[in-house]
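Position chain P relative to chain C; hints supplied.
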Amino acid sequence: MNGGAWLKRAWILVPIAAALVLTTLLLYAFGTSPEVAFRAIWDGVVGTPTGLVDFFTRPQGSTLKAIAFWIPLFLSSAGLLITFRAGLWNIGIEGQFILGALGATWIALSVQLPAPLQIPLEILAAMAGGALWAGLAALLKRWGVHEIFGGLALNNLAIILTNYLIAGPWQPPEGGSFRGTVPFRDEALLPLVGSTRFSLVALVLAAGAFTLVVLALQNSAWGLRLKALGRNPRSAFLLGVSSNREALLAMLFCGALAGMGGAVRVLSWFDSLRQSISGGIGYLALMVVILAAFRLAWTPIVSLFFAAVLSGSIVLQLRTQLHSSLGDILTGVMVLFVLLFGDLGRLRGLFRRKAKDDV
Amino acid sequence: MQVELQSISKRFGKIQANDKISLTLKAGRIYGILGENGAGKSTLMKILSGYQAADGGRILLDGALVHFRSPSDALAAGVGMLYQEPLDLPPFTVVENYLLGQPGGVRLPARRAARELEKLGAAYGFKVQPDEYIRGLSLGERQQLELLRLLSGGAQVLILDEPTTGISAKQKEILFGSMRRLAEKEGKTLILVSHKLDEVQELCNQAFVLRKGKLVGGAKVPCPNSKLVKLMFEELPPRRLRARSKTGTSVLELKNAVVRSPRLDLQPVKLTVGAGEVFGLAGLEGNGQELLLKACAGLHPLAAGRRLLSGADMTHLGYHASIARGIRYIAAGRLEEGLVAGLTLTEHMALVTEEPVFFVDWGSNRKRMAERIKRYQVVGTPDSLVEELSGGNQQRFLFGLLPDTLKLILMEHPTRGLDLRSTDWIWQQLNQRRKEGTAIIFISADLDEIVERSDRIAVFSGGRMSRIVEAAKTNVDELGHLIGGRQ
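Chain order of the listed sequences is C and P.
Going by the numbering used here, 117 is the number at position 117 of the first sequence; the sequence numbering is gapless.
Count along the second sequence starting at 1, add 1000, and that's the number in the numbering used here.
The following block holds chain C by itself, in its conformation from the complex:
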């Protein structure tokens, strides 16, 4: 590989560094030492391990907490890799995530089985819920509603549905506080490690799902059809790819993974269905995949980085007077910068055109 190609590859670090610089400047502007702030985030992620046991079990601000936050985010991001490959803007992922949480809750509240049966059933219901919501968006698309608009509408419906269920049918017996359902039975929850919110089962699920995504996109005939569809729907059609069918399947697949993420969220991060159960994880996943430039290998890394910064920001808030949204600012600015000037080739083209216009 020559120097130019390397520069093109390494260029992605420039917007990331720029985002760090901008955030640093912001910290100065608010009179906080950037060193203290970033140190706090760092400690929030890795903790200050005094021993191995402590490293794994520290309830606040441990590595495992970041990973527990990461798993649903990663599942959603993995699903989005499929829809983006097909050229679909699945903004509805947020709603699909929520429907997954609702599906898992429905089984958790209405079925009483031993854990080895209960938990798979909950997860299947969650996947079905996510797929249902994604399927609706795909159906709307076929009727001429762009998936972005259909998805946004369905996201709102999912939130309304959650609020209705919490205030109505799934209200705790002692009267509703509109906050959430009763905590689920222990058999209905994913087994956790120590006193963390981290579940090995969830990690295995995520690893399995990602393997499936990689296999589908790199080796399956279906993945190839999605790629063709995403790059050039007209040519793909003429080469015999049925856009309606493949788009529906891609949406269903993504919805199922997001739904699984929703299940992990209610069954391990929380222990019940809450209001705003997702907290924007779906939208976050969109940012992750965009920042990862839609690449398979980068997605776990970028999503882990997001999860780390966001969960580290909690410690930041405890230690400094800064609000934890610093993490959101950092990640948001990063995505923005990468979109703005992350692609060196595009950038050069822009400047060349500008230079030409000025003549």
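Simulated from the structure, these hints should not be mistaken for lab results.
Just so you know, even glycine gets a beta-carbon here, dropped at the ideal spot from N, CA and C.
Treat the hints with caution; some may be incorrect.
Pairwise CB distance ranges, derived in the manner of DEER restraints [said to hold, decoys possible]:
no. : chain 1 : residue 1 : chain 2 : residue 2 : range
1   : P       : Gly1136   : C       : Arg245    : 30 to 38 angstroms
2   : C       : Gly345    : P       : Pro1109   : 46 to 54 angstroms
3   : C       : Glu35     : P       : Ser1390   : 51 to 59 angstroms
4   : P       : Ala1110   : C       : Ile159    : 38 to 46 angstroms
5   : C       : Ile290    : P       : Glu1387   : 20 to 28 angstroms
6   : P       : Gly1028   : C       : Asn244    : 52 to 60 angstroms
7   : P       : Gly1136   : C       : Leu139    : 24 to 32 angstroms
Far from chain C by the CB rule (all over 10 angstroms, computed), these chain P residues [claimed, not checked]:
no. : residue
8   : Ala1076
9   : Tyr1133
10  : Gln1156
11  : Ile1174
12  : Arg1211
13  : Ser1250
14  : Ala1331
15  : Leu1351
16  : Thr1353
17  : Arg1416
18  : Trp1425
19  : Gly1462
20  : Val1469
21  : Lys1473
Relative to chain C, chain P alone:
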């Protein structure tokens, strides 16, 4: 206003779109600019109307040198252009749209503008309803509004780019009437850019013909159509008299097929193409041959009539069902319609593989591709991205993707933009296929190609298919007549 273009040149990459074109256009006359697609008509007119700058040459208006930086620059100097797609805003009302182009302050003088617009319209025989929404108007009405906007902006020179495409016969009559009026009574200079010989004959005082970026001649009109056709297409080459190959049983049959599109309705078509036959569809671009080809492929629905393949009805089958029955459609824009940029050759191969598989066997597909690359002489490797191939190689590769046996190949401009070697090679392939019994229907803007390669020819003009002529017996006069829309 007198317009002088002096040795105007414009180059786009490898293509010399305008090559030292010099023209003088006098006030009070209507000029026709003729030429095939890609002859350089639009480029020249865009330069005159300030839409783009020339690489070289000068523009003089009434003897004074001008430089336009934008279309509004040009309009201020008196040159206005009516584009094929009107530059208006569908969600606006007529009067809002009109006001947008006017210099104005904070308060919009809507009522005054509405009166102005109505008066102006009445003067040219246009009915204007200021409160209608643009999106509710027909293309012809929108055109009329654009004309009014240009005229109120002070246009002395009016360029109309294919103004009759997609408007009704009645509107065309009104338009031509007002064009004559503008030239004869008001002394404006009018320029009609058109494919349609009959319109130029009917309306213009003089025609200029461009071919491959050069001005190749002009004529006072009316004149015989064949004179203009000769200028547009050069002479037909001496044909070796080749025996028409024996045509087999009917492969494709259209029974009074009616095809409709927003732009153009096809008159009912009756057509039978047999196995091993090459059928050429001629005509100037946009006269209906493209629609018919798509309808044959199942890419465009029939509004009435029937489509049969080897005697079996397939009127209501779409393209994918047609593929399964041995039909392939090969479009002209290879990277837009046909190949997927970003995919390798092997990935294309795997994509069109017919046996259903879950996991792609990359090894065997790569091997198959390597073999096809050799057989079809594609310059590339199985792992090349398709956009890295040259145009000729992309066309070869498209042939490499076709299955071994096919009933019908439908092809748009088989050799457009290809060099001689690739052109020859493509026709070798097609002739090989026809020997194996494949029927071939193709469109070409190149009359030579049509006459040289086809067994039979049909010519399209204004959505009507001509009688079918034998390629071996036709001549340029006959084709010229048919292209001009006469039977």
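Worksheet entry | Interface exclusion of Leu1351 of chain P relative to chain C, criterion Cβ beyond 10 angstroms | At roughly 6 angstroms from the nearest Cβ of chain C, Leu1351 of chain P sits no farther out than 10 angstroms, so the non-interface label is violated.
Item to complete: Measuring Cβ to Cβ, find out whether Gln1156 of chain P lies farther than 10 angstroms from everything in chain C.
Response: holds (29 angstroms)
Worksheet entry | Beyond 10 angstroms from every chain C Cβ - status for Tyr1133 of chain P | With a cut-off of 10 angstroms, Tyr1133 of chain P remains clear of chain C, as the shortest Cβ separation is near 21 angstroms.
Worksheet item: Taking C-beta pairs only, is Thr1353 of chain P more than 10 angstroms away from all of chain C?
Response: Check fails; 8 angstroms does not lie beyond 10 angstroms.
Discussion item. Would the non-interface assignment of Gly1462 of chain P survive a Cβ cutoff of 10 angstroms against chain C?
Written reply: holds (27 angstroms)
Worksheet item: Taking the CB of Ile290 of chain C and the CB of Glu1387 of chain P, does the distance hold inside 20 to 28 angstroms?
Response: About 24 angstroms separates the Cβ atoms of Ile290 of chain C and Glu1387 of chain P, which means 20 to 28 angstroms holds.
Fill in: Consistency of the no-contact label for Val1469 of chain P, given chain C and a CB cut of 10 angstroms
holds (31 angstroms)
Practice prompt. Beyond 10 angstroms from every chain C Cβ: check whether that's true for Arg1416 of chain P.
Written response: holds (17 angstroms)
Practice prompt. Could you say whether the range 46 to 54 angstroms given as a hint is met by the Cβ separation of Gly345 of chain C and Pro1109 of chain P?
Written response: holds (49 angstroms)
Item to complete: Could you check the hint for me, namely that Gly1028 of chain P and Asn244 of chain C are 52 to 60 angstroms apart, CB to CB?
Response: This hint holds: roughly 57 angstroms between Cβ atoms.
Worksheet item: Cβ-Cβ distance between Glu35 of chain C and Ser1390 of chain P: within 51 to 59 angstroms?
Response: holds (57 angstroms)
Discussion item. A cut-off of 10 angstroms on Cβ-Cβ distance, and Lys1473 of chain P was said to be off the interface with chain C. Does that hold?
Written reply: holds (35 angstroms)
Figure legend: structure checked against the earlier numbered hints; hints not met, in rising order: 14, 15, 16.
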